[in-house]
Amino acid sequence: GAGVSQSPSNKVTEKGKDVELRCDPISGHTALYWYRQSLGQGLEFLIYFQGNSAPDKSGLPSDRFSAERTGGSVSTLTIQRTQQEDSAVYLCASSLGAGRLGQPQHFGDGTRLSIL
Amino acid sequence: KQEVTQIPAALSVPEGENLVLNCSFTDSAIYNLQWFRQDPGKGLTSLLLIQSSQREQTSGRLNASLDKSSGRSTLYIAASQPGDSATYLCAATSGTYKYIFGTGTRLKVLA
Chain A
1 GAGVSQSPSN KVTEKGKDVE LRCDPISGHT ALYWYRQSLG QGLEFLIYFQ GNSAPDKSGL
61 PSDRFSAERT GGSVSTLTIQ RTQQEDSAVY LCASSLGAGR LGQPQHFGDG TRLSIL
Chain B
1 KQEVTQIPAA LSVPEGENLV LNCSFTDSAI YNLQWFRQDP GKGLTSLLLI QSSQREQTSG
61 RLNASLDKSS GRSTLYIAAS QPGDSATYLC AATSGTYKYI FGTGTRLKVL A
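Chains as they are written, first to last, in this note's numbering: chain A, 1 to 116; chain B, 1 to 111.
Just so you know, these hints were derived from the structure itself, not from any lab. Glycine residues also receive a C-beta, built at the ideal position from the N, C-alpha and C atoms. Any given hint could be a false lead.
Going by beta-carbon spacing under 10 Å, a handful of chain B positions derived as facing chain A [unchecked claim]: (1) Val-4; (2) Ser-24; (3) Thr-45; (4) Ser-46; (5) Leu-48; (6) Leu-49; (7) Tyr-97; (8) Ile-100; (9) Thr-103; (10) Gly-104.
The following block holds chain B by itself, in its conformation from the complex:
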C-alpha cells in the first residue's frame, strides 16, 4: 500500500532563500508524481508532474526531482518570495489513476 510522507510539516524562511521540500513514498513502482500548491481556502494548483521515466522537471524557479530507487522526490524553490507562501503537496500514483497525497508542507516566506 502506497504511503506518502512530507517533511517538514512547516517551514519559515526569509525572502530570497533557496529551499528544498521533501516527499517520500513507500512503493517505488510509481507511474508519476505530481507537486501541487494550495493557498488557504482554495483548491490545489498543479506545479509539476514527473513521469516515472523522468528524473526531473523544471518550471521557472521550481525544480522537482524524482528518485524512484530511494522513494524520494524533492521540490526546489529558488530565490523564494512572499508569494510562494502556501502549502505544498506531493502525490504519487502507483495505479493508472489513484493519487496518494502527502499531508503537505506549510511554507511561509518572510518579507
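Excised from the complex, chain A in its bound form:
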C-alpha cells in the first residue's frame, strides 16, 4: 500500500486478555517505530526496529509488552495480560532509514485499544 497500515483500527477487550497489534510499513522502509498515545498525553516511544532487529526496547512499559518484526516488513506488538492502564492509541511509523540525517517518519492511523 501507499502508506503505513495498522490493524485492527479499534480493539476492545477484557482485562487480563492478550492482544496483538499489527503494522504494515511502507514498502522499502527499513526503520519502524511503535508509539503509545494516551488521552491528553504526548507520544510515548515504545520500540524501534532497524530491519528485523530492535536495538532499543527501552520504551516498553513492562515485560507484558513485546514486539517483533519479520522479513524486514510487518511488525506485531503484543500485550499480555492487559491492564486498564494499557488503554491508549498505539501508533506505528516507518521511515526510509534512521541516522544522523534522519528521514521523515510516516505514521499509520493507529489502533485504539480499550481495556474493560
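Based on the hints, put chain B in the right spot on chain A.
Just chain B now, with coordinates in the frame of chain A:
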C-alpha cells in the same frame, strides 16, 4: 534527557490570520526536528523536517525555523484556513532515531 514543550496548548484564530506555533527543547544537540499535524482519530502527518544544519524549511503556507542555540523551533502558518484546524506536534531527536514529542498545540481556525 531531552524534553520538548509546546506553547500554547490550544489556540483559536479567525480565518486568514497568520500564526506562530512554538516548540522548545532542552537538549540543543539535536539531529533534526520534525513538525506534524494530527487530525482527530488519525495518525500523524509529517509537515516539515529540519536538519540540525538547517535554519528553516518551507512548504506552501508553512514555514518552520530552528534555532538550536536557544532551543526553539517555530511553525509559521500563513493565511490560516479552517482546514488547518488540527493538533500540531513537534518532535526532536538527539539520537539517531528516537524522537521525543511535545504534547501538541490544538489549533482551531474559525470560518
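So, going through the hints one by one against the coordinates:
1. Interface restraint check: Val-4/B against chain A, minimum CB-CB distance 8 Å, threshold 10 Å, status holds.
2. This hint is violated: Ser-24/B has a C-beta 13 Å from the nearest C-beta of chain A, more than the 10 Å allowed.
3. With 10 Å as the threshold, the beta carbon of Thr-45/B comes within range of chain A, its nearest partner Cβ sitting at about 7 Å, so the hint holds.
4. For Ser-46/B, the interface hint holds, the least distance from its beta-carbon to any beta-carbon of chain A being 4 Å, beneath 10 Å.
5. Proximity of Leu-48/B to chain A holds as hinted, the smallest CB-CB distance being about 9 Å (cut-off 10 Å).
6. Using the Cβ-Cβ criterion of 10 Å, the hint placing Leu-49/B at the interface with chain A is satisfied: the shortest such distance is roughly 5 Å.
7. For the restraint placing Tyr-97/B at the interface with chain A, the shortest Cβ-Cβ distance is roughly 4 Å, inside the 10 Å limit, so the hint holds.
8. The beta carbon of Ile-100/B comes within 7 Å of a beta carbon in chain A, closer than 10 Å, and the hint placing it at the interface holds.
9. Of the supplied interface hints, the one on Thr-103/B holds, with its beta-carbon coming within about 4 Å of a beta-carbon of chain A, less than 10 Å.
10. With its C-beta approaching chain A no nearer than about 7 Å, Gly-104/B sits inside the 10 Å limit, and its interface hint holds.
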